[in-house]
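Enquirer: Here are the chains, one letter per residue:
Protein chains: 2
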Amino acid sequence: MDTSRIRINEERLWGTLMRSGEIGRFGSGGLRRLALSDADKEMRDQFVSWCRDGGCEVAIDRAGNIFARLAGLEDLPPVAVGSHLDTAPAGGRFDGILGVLSGLEIIRTLQDNRIKPKRPIEVVSWTNEEGTRFPYYISGSLVFTRQKSLEWLYALTDDDKVTFGDELRRIGYAGDVPIGAHPFDSYFELHIEQGPILYEANVPVGVVIGGAAVRGVYVIFRGQTAHPGGTPMRRRKNALVGAATFIAAVNDIGWKFAPIGRTTTTRINVWPNKNGTIPSYAEVMVDMRHQDPDETKRMYVETMAAVRQCAQETGVDFEVHGEWQYGGSDVVFDQECIACIRKAAKALNLPTMDIYSQAGHDAYPVSRVAPTAMIFCPCVDGLSHSEAENIIPEQTWPSINVLLQAVLARAER
Amino acid sequence: MDTSRIRINEERLWGTLMRSGEIGRFGSGGLRRLALSDADKEMRDQFVSWCRDGGCEVAIDRAGNIFARLAGLEDLPPVAVGSHLDTAPAGGRFDGILGVLSGLEIIRTLQDNRIKPKRPIEVVSWTNEEGTRFPYYISGSLVFTRQKSLEWLYALTDDDKVTFGDELRRIGYAGDVPIGAHPFDSYFELHIEQGPILYEANVPVGVVIGGAAVRGVYVIFRGQTAHPGGTPMRRRKNALVGAATFIAAVNDIGWKFAPIGRTTTTRINVWPNKNGTIPSYAEVMVDMRHQDPDETKRMYVETMAAVRQCAQETGVDFEVHGEWQYGGSDVVFDQECIACIRKAAKALNLPTMDIYSQAGHDAYPVSRVAPTAMIFCPCVDGLSHSEAENIIPEQTWPSINVLLQAVLARAER
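Protein chains in written order, with my numbering: chain V, 55 to 467; chain E, 55 to 467.
Excised from the complex, chain V in its bound form (with noise of 0.2 Å):
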């Protein structure tokens, strides 16, 4: 059979989404859904019933990872397709999610067509790729790929100090498939850009072709509480005073590295933080991104430079507490998959961009261990975490196709 005319139910893949979008709704059309919340559970049984009524095995994995294979003609390692299904604190309808349900789409797509390509075809839901909740990103496949131990992933904590492990055993996720049991031949992840570019060039797919490298710095000011009557200037070891100086610094790096370069101070948390006291404590998240990692390499020293001399200049101490850094070099997408997903877009007569993703990806483990290749396309005006976010259906399908395509064309190697 000729399946290169094939194309995915459009209307039914938006139905799924916004089924999808009334779970854990959030704001005005967002979605709030953190990882192993009971939305997260209420999504992961909605997404493994239509896998199940799709004729897929669901299996699921220690970590949580959700596997909903369609068997192939022979008993291969399976292409897999995937993202993840949790959101952003005031998160969107389609960060990750498109990803999936556009698996679950392709899946049903097959079926419609009764297509049985040679390997399995599986849909994977990753868990807590958002790292919201429970704070480190991309943690489900970081462990499926064994860069992070299962233990590891247990003991992470939420900030009411609720345990990873006794979340995932409370939603019904602990599944029983081994960490590193489970082969793929490829992984191939479609997502929505998560920026501006596509969607201000009006191109319908993005080929990505590396990660931005990505570093982070977790740094705390200390000081001394006192009197915010009695103390002088002079006096005072203002903690906060410390961290405003340096997030505005920060600030000020990712505009000297602009357009292409980007800062944000994510987070921060003070203490007492209460009328009355000047506060002695404040430690803040700050995140770097640049495409080229020598110029991550270079914000991330300036930065460094930017906190010692804050410190120096508001009278406090500080303490570099943590330091993270991922994608760069360390994102290697197979060629041969890259080929597949342009072959696609040129058969389908689809003009496509090469681009680098800036956010972090469950395809980035995921490269480390199986060929991969990611596919983006455009989200409205590139915003993303966000109850604003959003897609423009006929910009989007597009994409799906080509996914399909890529898919198809590799499941017959």
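Check before you lean on any hint, since a few could be wrong.
Where chains are identical, the list cannot tell them apart; a pair therefore holds if satisfied intra-copy or between any two copies.
Pairs of lysine to aspartate or glutamate residues, derived as EDC-like cross-links and limited to a Cα-Cα distance of at most 16 Å, are as follows [as the list claims (entries may be wrong)]:
| no. | residue 1 | residue 2 |
| --- | --- | --- |
| 1 | Lys-170 | Asp-220 |
| 2 | Lys-215 | Asp-239 |
| 3 | Lys-172 | Asp-239 |
| 4 | Lys-172 | Glu-128 |
| 5 | Lys-170 | Glu-466 |
| 6 | Lys-170 | Glu-390 |
| 7 | Lys-310 | Glu-349 |
| 8 | Lys-170 | Asp-129 |
Derived by calculation from the structure, the hints in this document are not laboratory data.
Following the hints, position chain E against chain V.
Expert: Chain E in isolation, oriented as in the chain V frame:
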């Protein structure tokens, strides 16, 4: 009897202070005794028990203010002496406490010497002076003086949404004395300076001649959540950057008006305040003080200009959600009461210094309903609202003997 030669029992007072210093111990020698907490109840119980043992009758009003009365020869309105027993979140052992327990020591000294003045003497412990847990400082004395209503007080909530009224009843200190039914002849408050002036000048007695003019603003910055990776600098509306820039500007204003003026951001709350999302919301509490109300007004005007400018420069919206002011021309201490203090210090051969209070005190509202005066004593390095807050006993007893003699003189009036 010639009462001019009697003195407090220094060792007894020190022992009383050290016993208080065990109730709500926190950190390295400090106290965390938040209003209406279990520790506050324990301290209140201890104080009431001490007062009854000292021969006082104890009355409690509906705001939880405690009045311990030593009867006088005549049934006249009392000379009141007091301060507060609650502390800042990481507070010291003397702020407020010294004023209340000095009052108790005066009662005990009078009993030792079998002195019965013409007027009753009352030791007063005001509820929730700090406003740490239930954010409104000096709220017990504000209600006592009818500048705020009992309904307003009972409706204050802590960060866990527990109401003041429920907690006051829980700890058993919702008394039966109606508001406004308890007149004073006069009110004296002794307090550590909470600033370095007396300590640096090595002067044992500060005669408080006024209160700094304090203004506060509560500002909210609003931006838009977005992805820290995908969102270029030019597209951001980062509320935390708006707030941080403002906090730094507020600090600069403090320096501009130094050494007398001072500004503080005490509190910041950010949302979502999670990794992986640009914050869309930040609220900050700012406090400005100067002993010249015109200068405080200039600081306020500059602060308001800074809010506008910081919001504009960082591309976020702002809203001044609340403003407050106290001190300044609202505080009028009584010249006769002040004369009692000067005369007592002179008789004791003690140098004094006229001084403005930079902190708010219960004496401020009380000054509007009764002749009032305040005495400051030095505290080490001027440090207060800190676990490290300390006094040097020998530098402290002189001011308490001044208080004793001033109160005795006034009580014969």
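Enquirer: Now tell me if each hint is right for this structure.
Expert: Each hint, compared with the structure:
1. When the C-alpha separation of Lys-170 and Asp-220 is checked against a cutoff of 16 Å, the pair qualifies neither within a copy, at 39 Å, nor between copies, at 67 Å.
2. Neither within a single protomer nor between protomers do Lys-215 and Asp-239 lie at most 16 Å apart by alpha-carbon distance, with minima of 38 Å and 54 Å respectively.
3. In the homo-oligomer, the alpha carbons of Lys-172 and Asp-239 lie at most 16 Å apart inside one protomer (12 Å), although the nearest pairing across protomers, at 97 Å, exceeds that limit.
4. Taking the closest pair of Cα atoms, Lys-172 and Glu-128 come within 16 Å of each other only inside a single copy of the chain (6 Å); across copies the shortest separation is 106 Å, beyond that limit.
5. For the identical chains of this complex, Lys-170 and Glu-466 are intra-copy neighbours only, at 10 Å inside a copy versus 105 Å across copies, given an alpha-carbon limit of 16 Å.
6. For the identical chains of this complex, Lys-170 and Glu-390 are neighbours neither inside a copy (22 Å) nor across copies (100 Å), given an alpha-carbon limit of 16 Å.
7. Taking the shortest alpha-carbon separations for Lys-310 and Glu-349, only the intra-copy value of 11 Å comes in at or below 16 Å, while the best inter-copy value is 38 Å.
8. Only within a single protomer do Lys-170 and Asp-129 lie at most 16 Å apart by alpha-carbon distance; the minimum there is 12 Å, versus 102 Å between protomers.
Checked against the numbered hints listed earlier, the structure breaks hints 1, 2, 6; every other hint is satisfied.
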